[in-house]
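Please take these sequences and the hints and turn them into a complete structure.
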Amino acid sequence: MNFNFTQDQLDFQDAISSMLRTEVTADSIRARWQNESGIDSAFMQQAHDLGLNSMLIPESLGGLGLTAVDFILLAEACGEVALPEPLVESVMVTTPSLVDILDQGLGNADVQKVIDGVLAGDVRVALGHTINPCINYADSADWFLLPDGDGVYLLPKEAVTLEAKTSVDPSRRLFSASFAASDAYLVADGEAGANLQRATLNRGALASAAQLVGLSRGMLQQSVSYTSDREQFGRAIGANQAVKHLVADVAVQVEYAKPVIYRAAYTVGVSPSRADFAVSHAKSAAGRAGLLASRHCMQVFGAMGYTWECDLQIWAKRAWALAREWGDEGFHTNRIHEWLLRKNALLGPEYTFGRGSLTDRAKAG
Amino acid sequence: MKLAFTAADEQFREEVADWLNDNLRDEFTDIRYRGGPGDEHRFVDERKAWERRLADGRWTCIGWPEAWGGRAASIEQQVIFHEEYARAGGPGRMGHIGDTLTGPTLLAFGSEHQKAKYLPPIRDGMAFWSQGYSEPGAGSDLAAIRTKAVQDEISGQWKITGQKVWTSLAHESDFVFVLARVDRDSSRHHGLGFFLVALDQPGVTIRPINQLTGTAEFNEVYFDDAVCDAEDIVGAPGDGWKVAMGLLGFERGVSTLGQQMLFQTELDEIIRIAKANGASRDPDIRQRIAEAHIGLKTMRYNSMRMLSGREDGSLSREAMIYKLYWSSWHRNLGKLAMDVLGPDAELIESGSYELNKLQSLFLFTRADTIYGGTNQIQRNLIAERALGMPKEPRGQGK
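Residue numbers (the numbering used here), protein chains in the order written: chain C, 1 to 365; chain F, 1 to 398.
Treat the hints as calculated values from the structure; they're not laboratory data. Computed from a prediction, not measured in an experiment: that's the story for all the values here. Possibly wrong hints are sitting among the right ones.
Unchecked claim - Think about it this way: if two alpha-carbon atoms lie no more than 25 Å apart in a straight line, the pair counts; the simulated DSS-like pairs of lysine-lysine are:
hint, chain 1, residue 1, chain 2, residue 2
1, F, K148, F, K159
2, F, K48, F, K115
3, C, K165, F, K357
4, F, K117, F, K159
5, C, K113, C, K157
6, F, K335, C, K165
7, F, K391, C, K244
8, F, K297, F, K2
9, C, K244, F, K335
10, F, K115, F, K159
11, F, K48, F, K357
12, F, K335, F, K357
Structure representation (structure tokens):
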């Protein structure tokens with residue numbers, strides 16, 4: 001076994017990270033708060049030109065045919081700069097759901113058309129799920145993938161009514177969406193629809209887990225630099241153990257969340273039947289890291305961290321929102337309980353990584 | 001040990017409750033439960049009018065001596081007043097700093113002239129005060145202050161230059177007390193003066209600081225040759241640190257029990273919502289609600305113990321643990337509130353950035369563990385002052 005990323009994956013992460021650090025600054029995020037759509041279209045074009053939108057679309061459909069493992073480090077990098085646009089959700093959640101529909105022979109002619117539009121970079125799809133009351137950046141979407149009961153519907157924007165909501169995080173543009181469930185738009189129903197929604201939930205939770213880890217790292221870096229500069233009692237406040245330990249505690253949580261997320265990214269692709277368990281573990285670990293990072297980092301910034309002017313709020317407020325989106329810690333620990341307490345749960349050490357396919361066959365519980 | 005109040009105290013409680021019931025109504029209905037932490041910038045004019053109503057009933061400055069218009073109320077009576085005030089939904093006190101900080105400080109350290117000039121307007125709800133301690137470079141390390149005061153040799157007048165920060169409600173206040181360096185060659189807690197400064201003058205500029213809540217309760221206050229009369233320095237030049245520390249001693253006394261009544265109101269609200277939206281069926285939430293209740297009771301018992309047997313209201317050793325305990329408890333309560341709200345926690349009902357009560361509770365409690373001494377500073381105080389452990393090494397102070 002090998003739990004490392006390939007050199008290609010790491011190089012791609014480096015390239016995307018450095019692009020993100022240049023293009024997505026705290027100032028540019030604040031500029032988005034002032035603009036109507038909240039979107040920096042030049043940035044979105046650049047992301048498209050780098051092939052991000054087609055990464056997880058199979059080669060047979062004209063995409064790059066990569067997997068969640070290939071994208072997970074990029075999702076983290078997007079979190080690290082607190083990217084406001086829902087790029088990670090589009091690439092990692094919405095598009096794979098559309099592909100799933102095609103793969104299973106479901107859907108209608110629109111599905112192929114929409115995927116082609118995503119590949120061309122001129123169509124944006126927003127996705128709803130019953131676990132989230134709102135959809136981020138719904139107003140800039142051309143199509144919607146929305147659930148109603150077990151059914152999943154693919155609707156043009158004209159068929160959806162949006163109502164704007166305000167988020168505590170000024171970078172988020174939330175809307176509640178309603179629509180009339182008509183068969184013309186139905187792309188999956190019954191068990192297939194329910195399975196699709198479950199897979200979507202896992203992808204969504206994984207996408208926010210990865211961003212939470214990135215957000216935490218971003219806050220960690222800001223705290224290390226602030227506590228190294230800010231002086232009280234004649235020396236940098238970071239020289240005090242009380243301050244150091246706050247920051248170190250965050251680093252521990254973040255580092256321990258990472259392998260859990262990478263494992264979940266792997267499992268989502270390779271052993272979907274274990275995905276509930278792996279993703280829930282990832283989301284609760286990342287949520288915990290994100291909340292601890294925002295709490296401790298805000299603490300070491302002292303009163304400055306409580307001001308509108310201090311950029312830390314951009315990261316902290318996002319972490320608060322993402323820790324709750326796609327299921328909060330309570331929801332995900334409950335899913336872990338359910339998994340562990342199943343009849344014939346496969347819990348031995350031999351199931352830590354391998355024998356995933358055996359698990360699938362055994363269909364325990 | 002005797003945990004019941006005396007009959008006289010119970011009668012006092014009734015008197016307070018009746019008065020509040022008769023007065024906190026009509027034009028004051030809207031300000032009930034308003035103006036607390038996180039909401040201090042709201043209803044300022046109405047709350048100032050309310051101070052005058054309190055003054056008419058002799059309910060401002062009740063701990064002051066009768067000679068200065070107070071009631072010379074005992075600790076128990078002050079506790080009762082705070083409890084009843086919070087129970088009735090009494091608004092955040094605009095006169096709080098004058099009543100509990102400036103007043104006691106002047107009574108202890110002030111000249112007769114200063115008492116005569118400044119105490120009556122505070123007592124009558126006519127003058128409002130703010131505090132000028134922290135500076136950009138002097139937060140946890142208060143003794144690092146750089147604001148300076150220079151005395152004119154002929155007129156004796158002081159001119160103050162420098163910057164204070166995190167000054168609550170300076171923009172709604174009339175005066176500020178300022179800790180400033182009178183001896184330019186001095187360092188740390190030596191060579192400081194404690195000044196009473198009028199805010200409405202050309203040498204003072206007040207700029208609000210926007211908080212991440214989208215509101216502005218704090219300010220930066222700039223002094224550029226701001227004028228302070230020779231008679232308006234409290235204590236001698238150089239005694240500033242002693243006066244300032246004396247003032248901090250008055251800060252965390254009897255209002256703690258009133259604060260706990262507010263906490264109780266918040267917890268009750270959270271429980272009400274949890275019952276209504278079904279969160280109360282979640283075992284984890286149930287557990288945390290019970291823990292919050294236990295924590296609040298523990299805090300209350302400790303405060304009663306802390307206030308018992310200290311006739312002068314000064315702080316006992318147990319008081320040192322209070323800030324750390326309540327700020328951590330309150331911060332956790334904020335988190336609990338958000339978890340009880342669930343996915344709605346993120347949503348702001350109004351179109352503008354106006355947080356609801358629980359969102360504001362969550363965000364504001366992030367500051368509780370910082371202002372008035374961070375949790376880290378509090379732990380050092382407990383270890384070094386209460387337990388006598390070796391002092392943490394410090395850098396070369398300027």
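Do the hints match the structure? See the list:
1. K148(F) - K159(F): holds (8 Å)
2. K48(F) - K115(F): At roughly 22 Å apart (the allowed maximum being 25 Å), K115(F) and K48(F) satisfy the hint.
3. K165(C) - K357(F): holds (17 Å)
4. K117(F) - K159(F): Judged against 25 Å, a Cα distance of about 20 Å means the pair holds.
5. K113(C) - K157(C): Satisfied, since the Cα-Cα distance of roughly 15 Å is no more than 25 Å.
6. K335(F) - K165(C): holds (22 Å)
7. K391(F) - K244(C): holds (17 Å)
8. K297(F) - K2(F): holds (18 Å)
9. K244(C) - K335(F): Within the cut-off at roughly 24 Å; holds.
10. K115(F) - K159(F): OK: K115(F) and K159(F) at ~22 Å, within 25 Å.
11. K48(F) - K357(F): holds (22 Å)
12. K335(F) - K357(F): holds (13 Å)
Going through the hint list in order, the structure satisfies each hint without exception.
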